[in-house]
Every structure is written in C-alpha cells, then in structure tokens.
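One-letter residues, chain by chain:
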Amino acid sequence: MSEHVSINLSIDWTKAKTVVAGVDIGAVNSKVIILVDGQPYIYSQVKTRIPEESAIRAINAALDKTDLTLENIQCIVGTGCGKKQVPFAHKTISEIACGAAGAVHIWGPSVRTVLDVGGQSCKVIHVTEKSRVTAFLWNDKCAAGIGRSIETFADLVNKEVTEIGNIALRSDKSAQLSDFCAIYAQSEALDLIRSKEPLEEVIAGYHHAMAKRISTLADRAGVKKDLVIIGGLAKNQGIINSLESILKISRLAPKSEWDPALTVALGAALFADAFLLRNSA
Amino acid sequence: MMKDSNSIIEYFQHITDHTQEYAQSLQSKGHLVAGYMCTHVPEEILYAAGIVPVRVLSSHDSQAMTRSYIHETYCSFSHDCAYRGLTYYDFFDLIVTGSSCIHMGEAFNTWVRFAGFKEKSFLISYPHIIHTKPAAGFIVESFKEFKQYLEDIVHKSITDEDIERAIKIYNHTRRLLIQLWEFLRYKESPITGAEVAIVTLASQLMEKKEFNQLLEELIQKLQSVPRKNLPGVRLMVSGGACDDLRIFDLMEKLDNSASLVFVDTCTATRYFWFEVPEDRTDKLQTIAEAYIARIPCPAKDNFPGTGEKKRFRFIQQFIEDFKPDGVVLLYQRFCSPQPMDIVGLKPILNNLGIPSLELELDTTLPITQFQTQLETFVNIITGVAS
Numbered sequence: 001m002s003e004h005v006s007i008n009l010s011i012d013w014t015k016a017k018t019v020v021a022g023v024d025i026g027a028v029n030s031k032v033i034i035l036v037d038g039q040p041y042i043y044s045q046v047k048t049r050i051p052e053e054s055a056i057r058a059i060n061a062a063l064d065k066t067d068l069t070l071e072n073i074q075c076i077v078g079t080g081c082g083k084k085q086v087p088f089a090h091k092t093i094s095e096i097a098c099g100a101a102g103a104v105h106i107w108g109p110s111v112r113t114v115l116d117v118g119g120q121s122c123k124v125i126h127v128t129e130k131s132r133v134t135a136f137l138w139n140d141k142c143a144a145g146i147g148r149s150i151e152t153f154a155d156l157v158n159k160e161v162t163e164i165g166n167i168a169l170r171s172d173k174s175a176q177l178s179d180f181c182a183i184y185a186q187s188e189a190l191d192l193i194r195s196k197e198p199l200e201e202v203i204a205g206y207h208h209a210m211a212k213r214i215s216t217l218a219d220r221a222g223v224k225k226d227l228v229i230i231g232g233l234a235k236n237q238g239i240i241n242s243l244e245s246i247l248k249i250s251r252l253a254p255k256s257e258w259d260p261a262l263t264v265a266l267g268a269a270l271f272a273d274a275f276l277l278r279n280s281a
Numbered sequence: 001m002m003k004d005s006n007s008i009i010e011y012f013q014h015i016t017d018h019t020q021e022y023a024q025s026l027q028s029k030g031h032l033v034a035g036y037m038c039t040h041v042p043e044e045i046l047y048a049a050g051i052v053p054v055r056v057l058s059s060h061d062s063q064a065m066t067r068s069y070i071h072e073t074y075c076s077f078s079h080d081c082a083y084r085g086l087t088y089y090d091f092f093d094l095i096v097t098g099s100s101c102i103h104m105g106e107a108f109n110t111w112v113r114f115a116g117f118k119e120k121s122f123l124i125s126y127p128h129i130i131h132t133k134p135a136a137g138f139i140v141e142s143f144k145e146f147k148q149y150l151e152d153i154v155h156k157s158i159t160d161e162d163i164e165r166a167i168k169i170y171n172h173t174r175r176l177l178i179q180l181w182e183f184l185r186y187k188e189s190p191i192t193g194a195e196v197a198i199v200t201l202a203s204q205l206m207e208k209k210e211f212n213q214l215l216e217e218l219i220q221k222l223q224s225v226p227r228k229n230l231p232g233v234r235l236m237v238s239g240g241a242c243d244d245l246r247i248f249d250l251m252e253k254l255d256n257s258a259s260l261v262f263v264d265t266c267t268a269t270r271y272f273w274f275e276v277p278e279d280r281t282d283k284l285q286t287i288a289e290a291y292i293a294r295i296p297c298p299a300k301d302n303f304p305g306t307g308e309k310k311r312f313r314f315i316q317q318f319i320e321d322f323k324p325d326g327v328v329l330l331y332q333r334f335c336s337p338q339p340m341d342i343v344g345l346k347p348i349l350n351n352l353g354i355p356s357l358e359l360e361l362d363t364t365l366p367i368t369q370f371q372t373q374l375e376t377f378v379n380i381i382t383g384v385a386s
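First to last, the protein sequences are chains A and L. Under the numbering used here, the first residue of the first sequence carries the number 1, and numbering increases by one thereafter. Under the numbering used here, the first residue of the second sequence carries the number 1, and numbering increases by one thereafter.
Among the clues, some could well be false.
[Said to hold, decoys possible] With the C-beta cut set under 10 Å, the calculated list includes, among others, these residues of chain A facing chain L:
(1) Ile96
(2) Glu129
(3) Arg132
(4) Ala135
These are computed hints drawn from the structure, not numbers from a lab. We put the CB at the ideal spot given by N, CA and C, even for glycine.
This is chain A alone, in the form it adopts within the complex:
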C-alpha cells in the first residue's frame, strides 16, 4: 500500500469553525489527519521518501479528495522524525507527546502506558489521564524489534509485510532465534529454512525474538495499566501476541475506527486544535 486516503463525506468543512491538521513524517510512512471541528475529516498515508517531498505528497493526497485547500487549514502541526521538514507546518511537536495525546484520545483516560512501535524507533511512554507525558524510554541504537526488522525479514522470506504477522500465528511452535540483533536473527532463520524447518515456525520464532527485544525496553521503563500499542507494528498480530505473552499484560483492544499507525498524526492534529483554540480565546 503505497498511498491510502480516506474521507468522511458526511462532514461539511465549509460550515466548520475549526479546520486543523496533523502531519506525521515517520521513517516508513507519512500520515496526515485533518480534523474539522474536532472530528476526523480526512486522513492520508504515503510512503516516506525525502521528508519534505513526502509531507507535500501526503497533504496533497488528502486535499485532492476535497475542495479544501492548504490555506483553509488554520493550524498545522508537524511531528515524526521528519517534523522539521514539513514546510507548511505552523508548529512542530515531538512524536512522543503526539503519540500520548492521540492514544488517550482514542482509548480514553485510563491509558497509562503507550508503546509506540514504529518503523525506525520504539518508545515506551508513560502518560497521565490528561495525556501529559511523565516519562519515556527510547530504544537503543539497534534495529532489532522495530518495524524495519520485520520489513527486511518479510523480504527475506518473500512475504508481504502485512501478512507475515498472521503467518506467525498459524504455528503452534516457534523456532528459537537470537533476540540480540535483527541481522543475526535473520541469518539464523535462513539456516533453519535451509534445514527444512517449517516456515511458519521460523516466522513465529522471528516474531517472538523481536517481541522479546521490545519487551526488554518495556521492562526497563515499566508497564503500567492500561497499555496501548500504537505505530505500524501494532497491526502485526504475531508481534502483539508474543509481546502480550512475554509482558504478561494485554493491551487495550484496537479501535476498529482507528488505524494505530495514525495515532501520532491524530495527536498532532489535536495539538493543532488546542493551539487554535488557545490563540482565538
């Protein structure tokens, strides 16, 4: 899926008091959410290439579906690792603060821990009921346990990244693989495949190894209930099942109306809304 756009046609933005946007330039995907009077109106998602170009492509993808123009958007907040390269953003806010705000908005004030498993980083964020960040821990300098490690593994076993998590679930057993390094784990996985181990077991083993790596970060930071998982890997059920079993805690179930990969962009849009409100007060 290189580009995806969704619009809520029941909303008439021309009658709205506020139109704001959040733009999340992630390592893998760039996302835009436009809120009209606080309600989600459009979201778009495109592959990230050059951050500035991706920001423009993502906002254009959203605006192409409507007669709304960039000038009609009263406040735009940029976030994500490419946040400084959003040329049309009025403000930038860290993806940690945006992830927290988006998660509390989607799942409610009981959320205390947000695990953001993105393409290039993994963060454990502690939040208050008002979505204020009280502490966070970022992954160390290693690809193991982040989205890229699953992408490269999917390439290796010639599967789609969207289906590989479900393949992991098909196996009752999982192969033992190193959780120290994504590359070592993939090398061990290849050895097992060459030894005719069932592919599902190898894929399950790899998911378990990456989940173990994520769990060490979560353990270091501490996981308080309620836990939610956001970011692209939140959609990989193979990782989630392993993670829940290792951490011995279940996440709050995903909301069907929200793609967890859009949580950070939503948080940015909520901040944009708050800024607009503050400035007009």
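Fit chain L to the given chain A structure using the hints.
Quick look at chain L alone, frame taken from chain A:
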C-alpha cells in the same frame, strides 16, 4: 591579548578541533608530548618531567578498522581512541593510561601492540576499588614506578621541587576552571554551558601554562561583559566520557529552550573538580590521596561491603549548587560502569524530584532522535506541550 571573549573561546574550540596540529606544534617547540587516555593519569608527574600531557579523545570518524583489534561490544569511545593510535596520532613521544575500565585498557593495548608504542608506553596500575585503606599505598608504588620510567626517558631526576611546581600549575588550572563553571550557578551568566564545555575540553589538550594564561584572560573579559539570562530549563549532564561537543550545543539550541549548567563527566568536571594539597612533604603520597579523594570514576567507585557510590554525594552537592531542573544521563553504548551507576542514581534523583533522561552515545550523533528526546524531556519538566 585577544580582542574579546569570543575570540578566546574560538581559539579553544580550534584546539579541540585540531588537536593533532596543536600537539605537533608543541613538539616543534622542543616539548616531549605524551598522549594520556584516562583521568587516572597523574599529569603532574608528567609535567614535572618536562613532558606535556595531551589527552587522547574520540575521532568521531565512522570507521571499521578497530573492529579487528577490539571487541565489537566495547564502547565507541574506546574504539575511537584506539583508532587515533592506528591512524594519525603516531607522533606522540609516549602513551600513558591508568588501569581504569577494560574497554579503555583494550584501546591502550591496541596502541601498544599495533600502533608502534610498545617501547614508549606506560600503564599505571590502579587498585580495582579505591575506597580501601591499602589503596593509597598501592597507588604511591605505581606512581613511583611511573616516575622512575619518566626519569629514564628524560635522563634526569624529577625532583620534589619539579613536582611541587607542577602541582601548583595544575591546581591553578583547576581553580580557574571552577571559577568558569561557577558563572553557570546563577540565572544570568556571561558565558553559556556549551562554551564552558569547550574550554574544559581544551584544558585536557593544552600545555597548562598557556591554557592558564588564556583562561585568566577569558575570565577577566567575562567579568566585564554584561551577563545574559540563561534561558529555559536548566539541564545538568551526568555520565561517562563525552567529548562530542555537539550534544551540548544541541541542548542549548532546542526549540523549547534549555541551558546547560553543569556537566559531571570524566571529560568535563570530573577531570578537574579537586585539588592536590600544596607544600606537603611526600609529593607522590599527596597526589595519590588527592586522586582518591576526588569525584571517582564509576569503574572504581564502590565502598567494600556496602557498595555505596561516593560519586553520588558529589552529584547531590552539584544539584544543590547549580540547581538543574533536569539531569541528562549520557553514557557510551556498551559501557558497563556508567549505566550500572544509573540504577543507583535514578532513585536519588527521583527523591530530589529531578527528572532524568538517558541518552546513549556512539561514534556518530543521531541529532534528530536526540533533539526529539531532549525537547520532550524539556516539555516534561515544564509541563507544556510545546
């Protein structure tokens, strides 16, 4: 005389950026120059012998060469320091270190075994734990051996007068550096923390008389320039070796405003925040006791029986004096002693109500990631989203 304080700071910055050029200029003036790799090296003894100590610091070059000499999972600082020896730092007349952590020990071994320093190197033995009664005696014996070794190199005896002179010059450096850092205790300062960090790093690279003269001049000029408000939240850094000055610069250029007010690392205040008592009879005993009494390196800092960390007392005192709003815990990737200290330090910071952030250093600096983490940390402290 330089025209203003900025020119002096720029000169110090130039030396941190062009250390090789500076060290070789000392040699061309007839000085013997020793590279030293750890703050456990008693520079006073080298200086008394007429040898100028210049600290070996990171190259920050992305390289793979040292992977053949040092274990992959040794810290990047040790890899970077080893790389200096294997490449362009072969001009030193001598290389010295103290037995501190095993990672830096391997960097030293790389210089000795593979960079041509076998015949011109000295490892000063240190006890593993320094908070014991026999530690001082052990260190004095090591210093005696070191002194003898240097005497053989310079073909003259190092007298008590030579050592006393060196002690006084080094103490003068320490007092001046403390005076400089103390500007940052207040809300208004004529110099920023990032600039003070530059000067402090230069102090580890320069001939001390020259450094002292320049620093005296700088302090004199700073006393007459208007003080500026140190903006935003006050950040203290605590950690291991961190000679990448860009991280301090980054802290002071965040979107949401912060000021660096103190750096507790072995490349900053741990290097100089102590004095060697002057005019004592037994010079080596006095130096040994002073090096034990100062802020300890985490690799050596354990009270037998209790495991208490003496360093934490210093950190609490610095927090009281410099009043940081938050502490950034900086450590090298794969370092063991420093992150182990964090386990004990965090509850102390929590009790003091000081939030902390851990950042892991490597050869290169992930600017965007660090910026995001630092800005979020500042937001946590201020309680404002942006």
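Hints, one by one, checked against the model:
1. The restraint placing Ile96/A at the interface with chain L holds, with a minimum CB-CB distance near 4 Å, inside the 10 Å limit.
2. Given the 10 Å rule on beta carbons, the hint for Glu129/A is violated: about 15 Å separates it from the nearest Cβ of chain L.
3. Among the interface hints, the one on Arg132/A holds; its C-beta lies about 7 Å from the nearest C-beta in chain L, closer than the 10 Å criterion.
4. Because the closest C-beta pair between Ala135/A and chain L is about 7 Å apart, less than 10 Å, the hint holds.
Checked against the numbered hints above, the structure violates only hint 2.
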